[in-house]
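S.K.: Generate coordinates for the entire structure from the input sequences, incorporating the hints supplied.
Sequence order for the protein chains is A and B. Counting from 0, one number per residue, gives the positions in the first sequence under numbering that gives the first Met the number 0. Counting from 0, one number per residue, gives the positions in the second sequence under numbering that gives the first Met the number 0.
Hints are not guaranteed to be accurate.
[Said to hold, decoys possible] Straight-line Cα separation of at most 25 Å, DMTMM-like style, residue types lysine to aspartate or glutamate; simulated pairs: (1) B:LYS95 / A:GLU94; (2) A:LYS356 / A:GLU338; (3) A:LYS42 / B:ASP104.
[Unchecked claim] One-sided and incomplete, this derived list gives chain A residues near chain B with beta-carbon spacing under 8 Å: (4) GLY105; (5) SER236; (6) GLU248.
Derived from the structure by calculation, the hints contain no laboratory data. A virtual CB, placed ideally from N, CA and C, is assigned to each residue, including glycine.
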Amino acid sequence: MPGTSAFDEIRGTPGDPTGRPEFAGLSDWINTTPAAELDRRQKAAESAFRQLGITFAVYGEDESAERIIPFDIVPRVFTAREWSNLSEGLVQRVESINAFLADVYGPRKILADGIVPEELVLGNPQFRPVLAGARPPHDIFAHICGIDLVRTGPDDFWVLEDNARTPSGVSYMLENREAMLRLCPELFEQFAVRPIDSYPDSLLETLQSVAPRPTGNAPVCVLLTPGHYNSAFYEHSFLADSMGIELVEAADLEVDDDHVWMRTIEGRVKVDVIYRRIDDDYIDPLVFKPDSLLGVPGLIAAYMAGNVALVNAPGTGIADDKAIYSYMPEIVKYYSGGEAKLPNVETYRCREPQQLKYTLDNLEKLVVKLVDGSGGYGMLVGPTATREQIETFRAALIAEPQRYIAQPTLALSTVPTLTEKGVAPRHVDFRPFVLSGAKGVTITPGGLTRVALIEGSLVVNSSQGGGTKDSLILSDMPVKKEG
Amino acid sequence: MLSRTASSLYWIGRYVERAEFLARLMEATIRLDALSPRTDGPGAWDSALTVASADHDFDLTGETRSPLAISRYLTLSSSNPSSIRSCLDAARSNAKSVRTALSRDAWEAINRAWLGLRGRATTGNSQTTLNIIESIRAETRGFEGALHRMLRNEAYSFLGLGAAIERADNTARLIDVKYHLLLPEGDRVGGQLDRDQWTTILHTVSAVTAYRWLYSEGLKPWLVAELLCLKRELPRSLAASADEAITHLNSIGKRTGLQGEADRLARLRHNAIDRTTIDTIFAKGLHEWLIAFIDENARIHQAIGSQFRFG
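M.R.: Here is the structure:
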């Protein structure tokens with residue numbers, strides 16, 4: 000069972016006496032800091048998050064108790080070498096994702112060459128035929144990607160999921176670090192941790208770099224939010240504030256003659272770049288869901304006319320679809336010319352009869368996912384599932400095999416985590432944020448570590464008992480002890 | 000600044016001011032009710048309904064006019080769009096959507112006031128009501144304090160502008176309801192009941208002591224009217240509210256370089272008040288003067304909406 004024999008990122012593989020000497024200092028810190036003291040600091044962090052309103056239901060007391068995403072005080076660490084390997088793989092993957100998007104909305108060479116089945120793209124609900132021929136500036140579609148990674152050993156990282164639509168969570172990366180700097184300053188004296196506070200600047204630079212055409216002044220960038228009822232509203236207002244750009248709702252924007260304008264007290268101001276945190280389906284009622292009140296009528300026409308940049312571009316969902324995911328190794332190879340530096344988790348496509356049969360024969364060993372599911376819903380974790388759950392999934396698989404993929408259950412790495420019974424290993428995943436702009440790819444040295452707080456659980460989603468941790472990326476420069 | 004942001008700030012200013020006015024009205028009404036020897040007849044609570052422009056809507060609810068029913072309607076009713084609860088709901092909802100334009104203190108004051116009413120179904124006896132009212136007043140005072148510590152930018156000005164327009168409207172309505180009590184120049188307040196009524200008005204605008212300081216003589220309706228309409232020294236007077244609207248419009252104009260119809264109307268009103276004495280008001284009829292003032296205030300409100308593109 001995972002949990003007992005899994006690789007621990009701070010303490011190494013159980014039974015292996017060498018452990019991870021590079022993190023001996025952190026291990027000592029965990030061992031020598033009393034659990035009560037860790038708990039005090041963790042509560043201080045959570046109470047600060049509550050006051051800041053990082054939970055979306057902070058305003059009413061009883062709701063906030065259940066909606067705060069738990070924060071774990073024990074950080075996760077990557078060495079400089081691990082990070083540089085990961086970065087190379089991430090750059091290659093994200094460049095390939097953008098090349099794939101420019102191709103399927105353009106000449107469709109990869110389909111003509113038979114690398115990815117045509118019907119899997121063209122018949123996919125995530126593919127938007129109405130956007131065919133779109134040429135966003137610099138051919139970048141997925142400006143912000145959150146690539147979910149898991150780890151099973153010292154050098155074994157796997158891509159679990161590509162998030163190329165509107166990945167969220169970056170505010171946790173930034174706020175978790177602020178909390179750690181305040182509450183555990185001694186760790187930052189001991190380790191040379193690379194700073195992450197440049198993320199809002201990098202993001203703004205990325206937004207400005209993809210403005211449709213040179214403007215006399217700095218391009219006008221805005222963040223489009225569905226509004227304060229949205230669960231990620233805190234992140235939207237936090238990012239707009241950190242970048243110093245307007246946080247707009249659909250009603251603040253209007254499209255006139257294929258240009259986008261925002262209504263300000265000084266009159267209309269032309270908008271060049273929209274960092275939108277609204278899903279494709281809701282973004283323009285003239286093109287997608289006609290009853291959407293969150294969208295801006297005419298926005299897609301302005302985008303297709305090349306008068307406004309949308310970040311991320313609409314239609315990117317085709318690149319992170321779980322059915323397409325299984326072809327990512329081929330996609331990366333096709334566009335980058337080399338093997339994928341970050342491997343996929345082995346994936347069985349249940350749409351193919353052979354693979355469906357294998358899946359049905361091995362349900363108790365596999366993780367089965369809906370191709371269009373997210374947030375840990377519509378998912379079967381075979382080894383921990385009940386007989387009944389397995390049979391329910393078996394029936395569903397037989398009825399609609401094309402809606403599912405299956406993967407082996409991985410022994411996800413663990414990181415020491417503060418639990419009610421002291422510090423104990425818990426499974427984690429990792430989401431770094433990758434920015435693609437006119438000047439190339441930027442990766443802030445950090446990311447969001449999610450941790451499954453329930454013992455043995457592999458599900459890290461916040462809706463199902465997951466928490467977050469700070470993720471420290473070490474510099475290869477030695478620490479200046481004298482300060 | 001986005002027009003929506005400006006609009007939300009302006010309305011936060013209006014709603015918090017209205018909630019505070021209602022709280023003071025409730026407090027003064029409870030006091031008057033306690034002083035009044037009669038328990039029947041057109042009592043203090045009927046008058047409170049009229050001042051809040053809620054008598055018609057209250058009667059539509061089908062409830063009998065009792066102190067408890069009226070106090071609940073003005074304080075807690077969700078179906079009354081101008082109850083304290085509805086005002087705080089609206090203020091908080093606007094505040095949430097422009098959270099980053101507000102200081103943390105200002106947000107917390109609104110949120111605490113709102114939390115204070117959550118889950119309350121009834122106001123209970125007058126002591127309980129007074130406790131509720133006192134805590135709302137404490138939070139709205141906290142909000143005013145937080146405003147004074149905010150950056151003096153457009154956000155501050157829109158909040159203040161909303162408060163100034165709302166205050167002008169509230170004070171004018173309060174005087175108008177009592178105008179029939181006004182006696183000719185020089186007359187002293189008649190009986191004890193009248194005296195209580197006048198004190199109630201002064202309580203509602205926190206001006207009991209102010210009156211003594213400014214006039215150093217017994218309560219004269221004539222002077223009370225002058226105080227509430229024309230005395231710039233009294234923050235809740237019509238003249239002071241009109242001045243404040245201009246101050247905020249000017250500072251928005253300075254920062255954005257834009258002036259318009261709202262500025263023009265606000266200056267006209269200011270100049271007109273400057274030339275007015277309480278004698279000319281009475282010559283024309285106080286009621287007519289007040290109605291004209293309320294209409295003018297509504298026109299300025301409209302002009303603000305169109306000038307800043309949120310009307």
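S.K.: Hints first: check each against the structure and report whether it holds.
M.R.: A quick look at each hint next to the structure:
no., hint, verdict
1, B:LYS95 / A:GLU94, "38 Å, violated"
2, A:LYS356 / A:GLU338, "29 Å, violated"
3, A:LYS42 / B:ASP104, "23 Å, holds"
4, GLY105, "36 Å, violated"
5, SER236, "5 Å, holds"
6, GLU248, "7 Å, holds"
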